[in-house]
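K.L.:
Letter by letter, the chains look like this.
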Amino acid sequence: MLYAVFCYNSEDVTGTWTKEQDGKVMRDMAAVEKKYAEAGKLGPVARLLPTTAATTLRHGGGEPIVIDGPFAETKEQLLGFFILDCASLEEAIAFSRELGEVNPSPGAYEIRPLAIYKPSELPS
Amino acid sequence: MTDTAWIDLALVSARPQAMGALLRYFRNLDMAEEAFQEACIRALKTWPKSGPPRDPAAWLIFVGRNSGIDKVRRQARETALPPEELLSDLEDREDELADRLDGSHYRDDILRLLFVCSNPALPATQQIALALRVVSGLSVKQIARAFLVSEAAMEQRITRAKARVAAAGIPFETPDAADRAERLAAVATMIYLVFNEGYSAMNGPEGVSADLCDEAIRLSRLLLRLFPGEPEIMGLTALLLLQHSRARARFDAEGAIVLLEDQDRRLWNREMITEALAMIDKAMRHQRPGPYQVQAAIAALHARATRPELTDWEQIDLLYQTLERLQPSPVVTLNRAVAVSKREGPEAALALVEPLGDRLAGYFYYHGLRGGLLKQMGRAGEARVAFDRAIALATNGAEAAYIRMQLDHLAAEAASSALVEEKQ
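The listed protein sequences derive, respectively, from chains A and B.
Going by the numbering used here, the first sequence opens with residue 1, and the numbers climb by one from there.
Going by the numbering used here, the second sequence opens with residue 1, and the numbers climb by one from there.
Hints were generated in silico from the structure; no laboratory data involved.
Check each hint, because a few of them may be wrong.
[Claimed, not checked] Covered, in the sense of this in silico footprint (three residues per stretch, anywhere, with C-beta under 8 angstroms from a C-beta of chain A), are these stretches of chain B:
| id | stretch |
| --- | --- |
| 1 | 7-14 |
| 2 | 272-285 |
| 3 | 358-365 |
[Stated by the list, open to error] Capping the alpha-carbon separation at 27 angstroms, the derived lysine-lysine pairs in DSS-like fashion look like this:
| id | chain 1 | residue 1 | chain 2 | residue 2 |
| --- | --- | --- | --- | --- |
| 4 | A | Lys-24 | A | Lys-34 |
| 5 | A | Lys-24 | A | Lys-35 |
| 6 | A | Lys-118 | A | Lys-19 |
| 7 | A | Lys-41 | A | Lys-24 |
| 8 | B | Lys-141 | A | Lys-19 |
| 9 | A | Lys-24 | B | Lys-49 |
Beta carbons: idealized from backbone N, C-alpha and C, even for Gly.
Working from the sequences, and respecting the hints, build out all of it.
P.N.:
Here's what the structure looks like:
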């Protein structure tokens, strides 16, 4: 079974970490990752840029709206994600728009640029 | 992380929101600070035992507000003044606190807190010192170190700034859209000043100045989270990130300045650049260009060039022309001259620079750039005069050292050409 694990934390606090503190957390986490990578169990790993870099496309009911900032609703649940390599934010928005067009239920696509991306170590 | 380390982080990150709310209650910076301080002391006592509260800011506001009210009551007994007159809203019941903490207030609370530190009536140095003390919670000692002044002098500077803020009156009415825009602009300027203080003192005491840059970026992100749809705040954040991304490459091991074109670009912080480029992309969608966005776009063109010769000087020249229209200033024109010198050569750049002489006579970079252009054109004597003026205006050792190096080059060239002449 494949599992996705999402990280939630207070950005106010993590944004206050010094470079040293941040570096230590990243190294400690990398040590955990390594164990699972060596066992052939680790898929792609990503760290997102702060939510200030986020854009959200809301679709369903007329022309989709693009909003600055992260997804802020609590009535909807996280159901999936895509990772794609885009030349610009516009391209990522266009992709999300296409998804919205074929998705019959109103919802949102939160577009988050990646700070760090480590490709999958799962055996192919 | 140790107990006290996580508590410190929680206190620092909750500070703007808690201080903002306490300032609204007490309508006085000193009282708000004391109340917050008291709440922090209690947090340090209770949190290690009880664990962190789910919402540290709400906890600090609640405890700080009660301790502040207690204090006012005690003082009132001593001075026999009715306490109601000292407080804006003593009537508030605690259960109202929850209402007051939800979204609507806290955005304006933080903006107000930032804005009182950004009062344009305050000189830049006072704005920076006040913001670092009140919003960021740096100690007077830390701020004094960053400014290279004594603790007593910094204490005095902050006291004076607070007195001016109190005299100017703190705006407590809920701002309308125009007020908000005005406050945002003032706060953006203050954040930029904090960054610049750190940036220009980068070769000062180890670490302190870089901390100011980090702090300015943190404040800028905070502002952007409060106002996520403001393209100029996106531009400001991007600009600070791009400038700070070069921190490790700007000075060599001896602390001498390394010019942009000579920097080891592998030392640039890619993560900051990525974040800044994402931010510029977002800002562009609004099609409401402003000075911060344009400056960020210029910095981004440098960041995108993996080698100096790949720099798009034509685009940079055009962006500086846009900036000249948005925010006319001789310093902007001076910066454009650098782009012009790359595109069209030193003669064209010098033609742009010369008319600025009256207004920039006391500006280090004017004489530095002019000297550099004259040197490129082989006018060594005039270059030397310009460099001599620059060196007299240098504000730190690294600037002076850079100009001295230029003068040494000129002297070396003169010596070698004299040698050639002798041989002929």
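K.L.:
Next, verify each hint and record whether it holds.
P.N.:
Results of checking the hints against the structure:
1. 7-14: holds (count 5)
2. 272-285: holds (count 7)
3. 358-365: violated (count 0)
4. A/Lys-24 <-> A/Lys-34: The given pair, whose Cα atoms are some 15 angstroms apart, holds under the 27 angstroms limit.
5. A/Lys-24 <-> A/Lys-35: holds, 17 angstroms
6. A/Lys-118 <-> A/Lys-19: Within the cut-off at roughly 20 angstroms; holds.
7. A/Lys-41 <-> A/Lys-24: Cα-Cα ~23 angstroms, so holds.
8. B/Lys-141 <-> A/Lys-19: Distance ~22 angstroms between B/Lys-141 and A/Lys-19 Cα, so the pair holds.
9. A/Lys-24 <-> B/Lys-49: holds, 25 angstroms
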